[in-house]
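Visitor: Chains A and B supply the protein sequences, listed in that same order.
Quick note on the numbering used here: the first sequence kicks off at 1 and runs consecutively.
Quick note on the numbering used here: the second sequence kicks off at 1 and runs consecutively.
What you were told as hints is all true, and nothing was included just to trick you.
Ranges between beta-carbon positions, derived for each pair:
no., chain 1, residue 1, chain 2, residue 2, range
1, B, Ala45, A, Pro327, 24 to 32 Å
2, A, Ala284, B, Pro220, 39 to 47 Å
3, B, Arg212, A, Pro327, 34 to 42 Å
Reference excerpt, derived from the structure (chain B facing chain A, CB under 7 Å, subset only):
no., residue
4, Glu12
5, Glu14
6, Ala18
7, Ala22
8, Ala25
9, Arg26
10, Val82
11, Gly106
12, Ile107
Partial pick of chain B residues on the chain A-facing surface, computed with a CB cut under 8 Å:
no., residue
13, Ile15
14, Glu84
15, Asp108
Rather than coming from a laboratory, the hints here were simulated on the basis of the structure.
Note that this is a predicted model, so its numbers are computed, not measured.
Built from N, CA and C at the ideal position, the CB exists for glycine as well.
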Amino acid sequence: MSKRVAQAAIERRGGDLMPAGRGGPEPNALRLLLAPRAGPRRAIGYVVALAGTAALTGTFLPVRASLTPLSEAFGFLVFVVAVAWVGGLGPGIAASFFAFGAFNFFFLPPYNTFVIERPEHIAVLFVLLGISVLISTLLNRTRERAVAAETREGELRALQELSSELVGRVPGREAYEAVLERLTSIIGFDVASLWVEDEDSPGRLREEASIGAVAGTLEPRAPSTRDGNSLERVPLSVGRHNLGMLLLRGDRDPLTPGESRVLRAFCDQLALVLERDRLLHVAAKAETYRATEKLRRALLTAVSHDLRSPLSAIKASVTDLLDAGAPEDLTYRKEALASIDKEVDRLNLLIANLLDMSRIESGMLRARMQSVDLDEVVTQSIDQAKRRWTGIRFATSRDPRAAIVQADPVFLDRVITNLLDNAARATLDAGNASVEIEARPSNGSTVVRVIDHGKGVPATAREHLFHAFYDLDERGPRLGSGLGLAICKGFLTSMRGNIWVEETPGGGATLALSLETEKGT
Amino acid sequence: MIAGRILVVDDEPEIRRAVGRALGARGYTVESAADGERAVDVAPAFAPDLVVLDLNLPGIDGLSVCRQIRSWSQVPIIVLSVREDESDKVAALDLGADDYLTKPFGIDELLARVRALLRRTVAIESRKPPRFVFGEVEVDLETRTIRRDGEDVHLTKTEWALVDAFTAHPGRLLTQRWLLEHVWGPGYTEDFNVLRVFVSQLRRKIEPDADRPQIIVTDPGVGYRWVLRPAEAAVPPVS
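Kindly produce the complete structure, drawing on both the sequences and the hints.
Guide: This is the structure we're talking about:
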């Protein structure tokens, strides 16, 4: 009965799993749990029914005169119950009729005929048959129920094991592989492969995880039978959305209905978990996109502000020179032109910084390391900075041992230029006028310090100082010094160097960088 | 040329310098401030005739500076803004700033606004209800008559109130909110439609061509500006 129900259930699901016969000879966990009643046991039942009837008859025959037919009948009844218990319904019924025949023939007078002399013996005979058949039937039903219950329990246990495996793992290929491992060991396959829909090209499947075989050998379009191996294809879907397919292959007979049930139920859960993982992935991507978008907007605002400031100054000076009412005298014109020149330099530096930043962020930066004369780079950078910052005095002091560093000369120049700019701005804002640059050896490397006497950097801000959009200014995103310092950090990292901020004694910030002195490996 | 005292407030030293240089060369006396605190400190003593105020300032922002200056002075204020600060710009105008320029701006534009606003101050100080003439249109506030092609134009009470609001601030960019509050009352500051209807009504009565207004000019999304200069205003000596 339970078999019919299971089969009907499978047919309702679409019948894509072949309903199966008896389990194969090869034992496995689920099969033991689901142990069906063995065929040989029934055959033995029939033999026992026949032999037992003969033996019982033989036992009772010598003493039949001293026993009442009723006690003999009870003896047969006990025997029938025993056969029905051991052999099931068929042997039980058979034993009932054997007992009926033998009792009538041998034990109801007149003996050795089927004729019955006394009417009450007819009643005894048919009561014996009735009770025998009834008990056989009842016993059989009870046992079938017990077996069905056991089977269910086995299925549920297997399913529960699989689902706890499934939900208990962190999403990812390894989790899927572990779950497949478990599934194959429970149901008895050798190879399992999980194919999921490729998110970039909907409708196409790609192999997400596989065990027991080289990846890609078990394909959704593989021929259904190969060398007598059993191949199962279970589609995985949630609602109408097809998520993928589970493929199983093993040297075994087709699945039993119980195994099919477990597999289907497991695959439904697997589909839900796949869907969950897919949604988690989508959510993570959306979050990343949102963060990128926010950063992009901040960059845009910052760039537009920082580009517009020098542009505004240039436009003001240019329109002033163009205006008919502008003074004709040469000093005035030169002053305006000098201001334009300076702002053009500033724009140029800013654009160079933006390009550098994009190169650093895209990972396209390759330092061409060589021995660089520190003096040469620093002197050149200071000369340029003096042009941009006319009111600032730049003083240098160098330890004679700190002459050569390992660096990319172009990168180093950009770093020093940015640091000088940063220091000059901070110093000027604080109404000061001097910036110091010093170079000293330190543990096999050379440390260059650019010292300003500005407002300094509060301890809380130091760790963010080298982020592209960080500026101590609270007026929203600005590139300002943040971009310059982020670039310094990017350049120094590519040159195996380091950069950090210290406090200037007496107030202000000291930006320190270190580079290797000797040629490294 | 009317000269005057101008306070330039901007945190960008090069802009400060360029604007200061240009204004100085044209006879204005210029003082500059790099941030809001300094602007608020300097303004009372310097007693400017006009303030050029960047809205994006470190420390006290431009809006607060605008509010503080307005609390004790009606000095014309031109705010400098960037395109992203549209709402700040309108807020500053609502607070009583007179005009704005979007960075980057030309010095010629700045000079034109400065001249227009300083002339207005002079006109107000003349204390005599002014007269405005534009082609065949004549608006006389003293006799409270408007003549067009020699004929009297009748204005409703609200239309007169609107004309009064405009002519009290010739050259100044009046925001929609400001006009609604001063003509209709504080409860009407969101009724932009009412304002639009009345302005177009007024234009049909006084503009030579209502489709191409030349007296009440629209600054899209911000407000309106009465661009006529007072005629025959006695020009006082340059201060």
